[in-house]
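Number of protein chains: 2
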Amino acid sequence: MGEFELIRNFFAAAPCAQGGEGVALGIGDDCALLAVPQGEQLAVSTDTLVAGVHFADPCDPFLLGQRSLAVAVSDLAAMGATPVAFTLALTLPTVTADWLQAYARGLNQMAQSCGVALVGGDTTRGPLSLTMTVFGRVPSGQALTRSGAQSGDLLCVGGELGNAAGALPLVLGQRTAPASIADPLLAHYWSPQPQLGLGQALRGKATSAMDISDGLLADCGHIALASKVGLLVERDLLPLSPALVAFLGPSDAQSAALSGGDDYVLAFTLPSVELPALLADGWPIHVIGRVVNGQGVMLLNADGQDITPQTRGYQHFRESP
Amino acid sequence: MGEFELIRNFFAAAPCAQGGEGVALGIGDDCALLAVPQGEQLAVSTDTLVAGVHFADPCDPFLLGQRSLAVAVSDLAAMGATPVAFTLALTLPTVTADWLQAYARGLNQMAQSCGVALVGGDTTRGPLSLTMTVFGRVPSGQALTRSGAQSGDLLCVGGELGNAAGALPLVLGQRTAPASIADPLLAHYWSPQPQLGLGQALRGKATSAMDISDGLLADCGHIALASKVGLLVERDLLPLSPALVAFLGPSDAQSAALSGGDDYVLAFTLPSVELPALLADGWPIHVIGRVVNGQGVMLLNADGQDITPQTRGYQHFRESP
Chain A
1 MGEFELIRNF FAAAPCAQGG EGVALGIGDD CALLAVPQGE QLAVSTDTLV
51 AGVHFADPCD PFLLGQRSLA VAVSDLAAMG ATPVAFTLAL TLPTVTADWL
101 QAYARGLNQM AQSCGVALVG GDTTRGPLSL TMTVFGRVPS GQALTRSGAQ
151 SGDLLCVGGE LGNAAGALPL VLGQRTAPAS IADPLLAHYW SPQPQLGLGQ
201 ALRGKATSAM DISDGLLADC GHIALASKVG LLVERDLLPL SPALVAFLGP
251 SDAQSAALSG GDDYVLAFTL PSVELPALLA DGWPIHVIGR VVNGQGVMLL
301 NADGQDITPQ TRGYQHFRES P
Chain B
1 MGEFELIRNF FAAAPCAQGG EGVALGIGDD CALLAVPQGE QLAVSTDTLV
51 AGVHFADPCD PFLLGQRSLA VAVSDLAAMG ATPVAFTLAL TLPTVTADWL
101 QAYARGLNQM AQSCGVALVG GDTTRGPLSL TMTVFGRVPS GQALTRSGAQ
151 SGDLLCVGGE LGNAAGALPL VLGQRTAPAS IADPLLAHYW SPQPQLGLGQ
201 ALRGKATSAM DISDGLLADC GHIALASKVG LLVERDLLPL SPALVAFLGP
251 SDAQSAALSG GDDYVLAFTL PSVELPALLA DGWPIHVIGR VVNGQGVMLL
301 NADGQDITPQ TRGYQHFRES P
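Protein sequence lines, in the order shown, are assigned to chains A and B. One point on numbering: in our numbering, the residue at position 34 of the first sequence is 34, and numbering is uninterrupted. One point on numbering: in our numbering, the residue at position 153 of the second sequence is 153, and numbering is uninterrupted.
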């Protein structure tokens with residue numbers, strides 16, 4: 001038995017591979033089989049992380065195990081889906097038992113937290129990279145997409161922004177900070193918590209949603225484009241963590257919140273009538289702007305002046321024709 | 001807009017990304033949405049191909065496009081599933097328009113041939129590798145697995161064996177051959193045809209099935225282990241192509257058929273009562289052995305003597321306890 005077959009057996013025996021609701025056949029055959037209840041659809045998303053590009057190499061394999069799955073499951077949260085299963089395609093330059101065990105521990109922990117079962121995948125030799133494909137179920141026609149935002153809706157986010165971008169100099173060893181600052185920022189980076197409950201609570205209420213992975217302004221641009229609307233973002237409404245502001249200062253913290261990636265909190269648009277009940281239920285919703293006629297994204301200061309950064313990477317605002 | 005976002009748009013506009021039966025939402029949102037009809041299950045499989053490991057680098061991107069999808073869809077054939085959709089995680093060191101266009105042409109052609117729609121994926125920078133996740137539908141409880149073989153069943157394959165292994169010296173430029181020999185071998189290697197029709201025809205008839213990717217003896221070992229049976233393979237019944245025999249000679253051709261990988265024809269076990277009707281329907285079924293009590297795989301010569309190669313990589317035969 002080759003070493004890569006041993007790895008397959010290792011993952012097949014992992015706690016997260018022991019079936020689960022909706023998994024009719026798990027690891028070990030040519031395909032896994034998923035059961036989708038009547039009246040539901042299957043949501044599917046694929047994400048790749050490459051060593052040296054999406055994470056530092058070397059890095060802590062336990063943290064990588066957590067983060068690699070969380071990043072993928074966050075796309076299920078963005079659709080309002082309930083996680084069911086995932087596949088893991090793991091490419092490794094060498095096989096190291098310690099590395100694999102630590103990686104699997106991180107993976108198991110995040111899988112348990114998100115309620116997903118490992119149902120298959122592939123293990124190959126090559127430069128370190130990971131591709132996760134995640135599966136969730138959602139009542140037919142109720143998935144949250146990017147394309148339903150309406151002029152007049154509120155623009156909201158599900159949590160603090162910029163923490164992962166703030167953590168990057170710590171992750172890369174370029175800066176240090178006291179634990180009171182470093183720990184919360186690094187936790188956001190390495191162990192993002194997919195907003196699954198919020199996504200499900202927004203079904204039938206939010207008019208559009210996505211998870212913030214490329215940065216707030218860039219991702220708002222995706223909603224604006226798909227929904228054919230304009231989005232106004234008010235800089236002074238951005239939720240910033242005390243640790244981020246203490247680490248970067250207020251101005252750079254705002255920049256991290258606007259353009260930094262890897263936040264994995266939800267951005268969504270909501271008719272204002274829906275807001276009170278969601279807040280009363282305790283969901284962490286921050287209103288950061290509104291939807292208008294037009295196309296693209298505009299950043300406003302407290303005086304309502306356009307202070308949109310003139311950089312590439314997202315869709316600038318223009319009036320409706 | 002970054003170059004990798006341009007690539008995503010390029011694939012989103014590809015013919016194979018234009019929806020299809022069972023695709024409720026295709027490329028362009030956080031997730032795709034698949035509809036699974038009542039009474040059916042979703043079959044899922046993931047395969048990774050790494051440059052320099054699973055294919056020569058550089059290689060013809062058109063052929064790689066065909067092969068990368070065919071290899072993955074073959075797992076759907078092995079379950080008796082009907083292909084629906086796939087995701088593509090493509091990691092590229094550099095972005096070259098010619099390469100991408102040729103790759104996408106190959107991908108489109110195989111996608112059309114197999115009836116699958118591209119519904120999502122990821123495009124990242126890094127060493128060249130491809131991970132495909134494929135989705136198919138199968139009536140609940142009717143998927144072909146590896147675990148149902150019964151003593152007394154026939155052991156069968158769905159076509160000639162060893163052609164892809166025979167092609168390898170040609171692919172790697174280590175040998176040459178006249179077109180009458182090289183062309184059919186290379187076609188098997190670069191453009192394997194997933195046996196989707198055969199897999200579906202075997203539903204409710206075959207007691208176990210898989211596709212041959214690691215080599216006949218190794219893959220028979222997987223069926224033997226999952227089904228808790230012994231498999232006897234008769235060397236002189238192995239179907240060999242005239243091109244393979246002419247290229248390698250009879251003895252090496254048999255070795256390629258027994259141990260060479262990448263055949264992507266189905267291996268399956270069948271109660272003998274099912275054979276006549278399947279043959280009458282024109283399915284290319286070759287009986288190569290039988291299922292017995294015991295555990296593992298034994299290779300027999302024409303005199304019924306055990307000539308199992310004493311190498312690692314598959315399960316040797318032993319009597320039942």
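A few of these clues could be false.
Unchecked claim - Derived SDA-like pairs: lysine to any residue, alpha-carbon spacing no greater than 20 Å straight-line:
| id | chain 1 | residue 1 | chain 2 | residue 2 |
| --- | --- | --- | --- | --- |
| 1 | A | Lys228 | B | Glu5 |
| 2 | B | Lys228 | A | Lys228 |
| 3 | B | Lys205 | B | Ser151 |
| 4 | B | Lys228 | A | Gly26 |
| 5 | B | Lys205 | B | Thr311 |
| 6 | A | Lys228 | A | Leu279 |
| 7 | A | Lys228 | B | Gly26 |
| 8 | B | Lys205 | B | Pro127 |
| 9 | A | Lys228 | B | Asn9 |
| 10 | B | Lys205 | B | Ser147 |
| 11 | B | Lys228 | B | Gly296 |
| 12 | A | Lys228 | B | Ser151 |
| 13 | B | Lys228 | A | Asn9 |
| 14 | A | Lys228 | B | Gly28 |
| 15 | A | Lys205 | A | Ala226 |
Since the hints were derived computationally from the structure, they do not count as laboratory data.
Hint check results:
For a cut-off of 20 Å, the pair hint linking lysine 228 of chain A to glutamate 5 of chain B stands: about 19 Å separates their Cα positions. Between lysine 228 of chain B and lysine 228 of chain A, the direct Cα distance comes to roughly 59 Å. Violation of the 20 Å bound is thereby established for this hinted pair. The hinted pair formed by lysine 205 of chain B and serine 151 of chain B meets the criterion: a straight-line CA distance of about 15 Å does not exceed 20 Å. Taking the CA atoms of lysine 228 of chain B and glycine 26 of chain A, the gap is about 18 Å. The hint holds against a cut of 20 Å.
Our distance criterion of 20 Å between C-alpha atoms is broken by lysine 205 of chain B and threonine 311 of chain B, whose separation comes to about 33 Å. The suggested pairing of lysine 228 of chain A with leucine 279 of chain A is violated, with an alpha-carbon distance near 28 Å, which exceeds 20 Å. As the CA atoms of lysine 228 of chain A and glycine 26 of chain B are separated by approximately 18 Å, the hinted pair is consistent with the 20 Å bound. This hinted pair does not check out: lysine 205 of chain B and proline 127 of chain B have alpha carbons roughly 43 Å apart, beyond 20 Å.
Our distance criterion of 20 Å between C-alpha atoms is met by lysine 228 of chain A and asparagine 9 of chain B, whose separation comes to about 17 Å. Using a Cα cut-off of 20 Å, the hinted pair lysine 205 of chain B and serine 147 of chain B holds, with the two alpha carbons roughly 14 Å apart. Using a Cα cut-off of 20 Å, the hinted pair lysine 228 of chain B and glycine 296 of chain B holds, with the two alpha carbons roughly 8 Å apart. Between lysine 228 of chain A and serine 151 of chain B the alpha-carbon distance is near 63 Å, which puts this suggested pair outside the 20 Å criterion.
For the proposed pair lysine 228 of chain B and asparagine 9 of chain A, the alpha carbon gap of about 17 Å is at most 20 Å, so the pair holds. About 14 Å separates the Cα atoms of lysine 228 of chain A and glycine 28 of chain B, which keeps this hinted pair within 20 Å; it holds. Between lysine 205 of chain A and alanine 226 of chain A, the direct Cα distance comes to roughly 18 Å. Compliance with the 20 Å bound is thereby established for this hinted pair.
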